[in-house]
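Engineer: Chain order of the listed sequences is A and B.
Using my numbering, the first residue of the first sequence is number 4, and each one after it goes up by one.
Using my numbering, the first residue of the second sequence is number 4, and each one after it goes up by one.
Derived from the structure by calculation, the hints contain no laboratory data.
Do not rely on the hints blindly, as some may be mistaken.
[To be verified] Taking lysine-lysine and the DSS-like style, the derived pairs with C-alpha atoms no more than 25 Å apart in a straight line are:
#: 1; chain 1: B; residue 1: Lys386; chain 2: A; residue 2: Lys245
#: 2; chain 1: A; residue 1: Lys76; chain 2: A; residue 2: Lys53
#: 3; chain 1: B; residue 1: Lys12; chain 2: A; residue 2: Lys247
#: 4; chain 1: B; residue 1: Lys255; chain 2: A; residue 2: Lys130
#: 5; chain 1: A; residue 1: Lys208; chain 2: A; residue 2: Lys247
#: 6; chain 1: A; residue 1: Lys130; chain 2: B; residue 2: Lys391
#: 7; chain 1: B; residue 1: Lys76; chain 2: A; residue 2: Lys130
#: 8; chain 1: B; residue 1: Lys157; chain 2: B; residue 2: Lys12
#: 9; chain 1: A; residue 1: Lys255; chain 2: B; residue 2: Lys247
#: 10; chain 1: B; residue 1: Lys76; chain 2: B; residue 2: Lys157
#: 11; chain 1: B; residue 1: Lys255; chain 2: B; residue 2: Lys304
#: 12; chain 1: B; residue 1: Lys157; chain 2: A; residue 2: Lys12
Note that the coordinates shown come from a computational prediction; the quantities given were computed from them, not determined experimentally.
There are 2 protein chains.
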Amino acid sequence: MMPESPIRKLVPYAEAAKGRGVNVYHLNIGQPDIETPEVALNAIRNFDQKVVAYSHSAGILSYREKLVGYYKKHDIHITADDIIIGAGASEAILFAMNSCMDAGDEIIIPEPFYANYNGFAVNAGVKVVPIPSDIETGFALPPISEFEKVIGPKTKAIMVCNPNNPTGYLYSREELETLKTIALKHDLYLFADEVYREFCYDGKKHISVMHLDGLDDNVILIDSVSKRYSACGVRIGCMISKNKELMATAMKFAQARLSPPTFGQVAAEAAIETPDSYFVEVLEEYLARRNVVVEAINKMKDAFCPNPLGAFYVVAKLPIDDSDKFCQWLLEDFAYNNETVMLAPATGFYATKGRGLDEVRISYVLNTNDLKASMKCLEEALKVYPGKTN
Amino acid sequence: MMPESPIRKLVPYAEAAKGRGVNVYHLNIGQPDIETPEVALNAIRNFDQKVVAYSHSAGILSYREKLVGYYKKHDIHITADDIIIGAGASEAILFAMNSCMDAGDEIIIPEPFYANYNGFAVNAGVKVVPIPSDIETGFALPPISEFEKVIGPKTKAIMVCNPNNPTGYLYSREELETLKTIALKHDLYLFADEVYREFCYDGKKHISVMHLDGLDDNVILIDSVSKRYSACGVRIGCMISKNKELMATAMKFAQARLSPPTFGQVAAEAAIETPDSYFVEVLEEYLARRNVVVEAINKMKDAFCPNPLGAFYVVAKLPIDDSDKFCQWLLEDFAYNNETVMLAPATGFYATKGRGLDEVRISYVLNTNDLKASMKCLEEALKVYPGKTN
Chain A
4 MMPESPIRKL
14 VPYAEAAKGR
24 GVNVYHLNIG
34 QPDIETPEVA
44 LNAIRNFDQK
54 VVAYSHSAGI
64 LSYREKLVGY
74 YKKHDIHITA
84 DDIIIGAGAS
94 EAILFAMNSC
104 MDAGDEIIIP
114 EPFYANYNGF
124 AVNAGVKVVP
134 IPSDIETGFA
144 LPPISEFEKV
154 IGPKTKAIMV
164 CNPNNPTGYL
174 YSREELETLK
184 TIALKHDLYL
194 FADEVYREFC
204 YDGKKHISVM
214 HLDGLDDNVI
224 LIDSVSKRYS
234 ACGVRIGCMI
244 SKNKELMATA
254 MKFAQARLSP
264 PTFGQVAAEA
274 AIETPDSYFV
284 EVLEEYLARR
294 NVVVEAINKM
304 KDAFCPNPLG
314 AFYVVAKLPI
324 DDSDKFCQWL
334 LEDFAYNNET
344 VMLAPATGFY
354 ATKGRGLDEV
364 RISYVLNTND
374 LKASMKCLEE
384 ALKVYPGKTN
Chain B
4 MMPESPIRKL
14 VPYAEAAKGR
24 GVNVYHLNIG
34 QPDIETPEVA
44 LNAIRNFDQK
54 VVAYSHSAGI
64 LSYREKLVGY
74 YKKHDIHITA
84 DDIIIGAGAS
94 EAILFAMNSC
104 MDAGDEIIIP
114 EPFYANYNGF
124 AVNAGVKVVP
134 IPSDIETGFA
144 LPPISEFEKV
154 IGPKTKAIMV
164 CNPNNPTGYL
174 YSREELETLK
184 TIALKHDLYL
194 FADEVYREFC
204 YDGKKHISVM
214 HLDGLDDNVI
224 LIDSVSKRYS
234 ACGVRIGCMI
244 SKNKELMATA
254 MKFAQARLSP
264 PTFGQVAAEA
274 AIETPDSYFV
284 EVLEEYLARR
294 NVVVEAINKM
304 KDAFCPNPLG
314 AFYVVAKLPI
324 DDSDKFCQWL
334 LEDFAYNNET
344 VMLAPATGFY
354 ATKGRGLDEV
364 RISYVLNTND
374 LKASMKCLEE
384 ALKVYPGKTN
């Protein structure tokens, strides 16, 4: 069965709050407010083909060739044949899961993890096996022993998101080497969702699974232009692997749905020419936002959050009984100066029942003034929430 | 396992033929040469949003509302909530299959049928159960007895494509009433892929499954703008159903992949304003093309094809031993005036092994002059093909 997202369940309460004239700050979603690069939008405005035809099932060749150059800049060395473009990372993950796993196979994912992985797994008939990462360690990779505990004959893959949604955690080279050791020892695929590659802070550099030597047959890189260029609606992502047999199978799934979106590919191809200054500005903005949130949370009584080095999310531990109830209460029964915040209950990011009850995910996708007001709301809310535990 | 398409297998032979300087007429694909309406392309050129954001998971509301008007013109009465937009009919079919069938369930489809249905079924873990329609009856709906033979406890749905790809057959009201009788008697879903709705000839009118009374909980309409507006690359289709429970489940699959492509929806929404004169011209053109092909085939010795009333495909019976071999031979060993044709072996459209060996699908997606030259090639080829059976 497809699981219901705890964020979706809150939508009617947010609508009702707005109906009562309450200003709701949306920190619940990964839809940035940053502008899409002009160069991408201009490519669409200058679209001059007479027929909007199917593209190659793996994606427009000139786009894939330009992507080779993009990845080279990130020290990832591939060819256009190693890439299959999908309608977002969503479709790319489906292709990847369908290509290397059969119904009933298992994929290990450190929790908390991006809730939609559950949906893709249901789609592919694959079972997600969670292993725990914890807020106390900043959501670092669980030790090898936790992987070994759950690896069995049905285990086919490990999946990580790096930098991580929902935690913002950035995996170190040592952690990636650990994943390599496990993957090789048990002959597992290693899925890495690296859609937040550009969003690393405090001088940290992103390490890709593609930087690991001797893992070519195991690694599947999942990517998307949605966050990189604040272009979630173009629905362009990709799967990348040097495993030829795997890619041949994935191509059959790609061919079955004919082609990825043409307009989105045109925009994404042009976006590769986005000037570096765009990212400098965007990163400065996100860094300032992260600092606002992290500082504010850690000043709140009995609240805590790690200082994440990537993406644009923070998971915070709050003195609350039940994050689903709390997030609903924020929308239904609370307002401060006629404002409130919509947060994502962390329960939706844990596969293990009972985990995440005192945690929420905060997406810092609003400007710093709105974030400050949001944090003030949260601080006041924690003082009066009936289910507070402090 | 994902099946390999017999058309795909031919691609390297077509490339090789072109490499030898042979002109290859592509009658193997459903990619029309007709221009996309200006109104759709202009909407894209005038795209003025700063952030290409996720749309609603079911599709942009204003687009769905305009679609309600489009369908009303076709005497199909629905609301915006009855529609979920997909990345092409491809994704819409996946949503529909995943929503109303479990792994191992069966869907009955009259063969020959659109080969990609196999891929979607594999994706959804569903088994396609073919029942025979025959070229001798012009590929009319098989009699009720053929359905009854294969209906069992695992049967959950029937699927038809109307007008049909690959046969061009247009189902009559009586045939649709027959489907209704079967669906109600056995409580089955009735999937209807109606993406060729606009392409009906000789004064015939398309009858939709949505025109059937008392079947609201069973009917799932699959649609796409790809063929209607010659805009295959926009990747915009939809599933439509009045079954609220089914749509609630389908929405979970839609939410798991976040949203359909924004640019494509903008183009598709604008395309609804395409003037009627566009379709008058396009239909005149296709009718002329159909007549060229049907007349030419039926003049060839021992060849035969029905006169299809819809879509832009013809299945022709030829005096050949094996359509896969013949189509490969056309590309590999044959040329007439340094030209040849690429056709689709009909074997790929039959699930029953051994059927379609003496049949090919011809897509009349080229102008009449090219079609005449193609038919001349085919005629000459049949005279000298080593595996000819006459």
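Engineer: Report the numbers of all earlier hints that the structure fails to satisfy, in ascending order.
Structural biologist: 1, 2, 5, 6, 7, 8, 9, 10, 11 and 12
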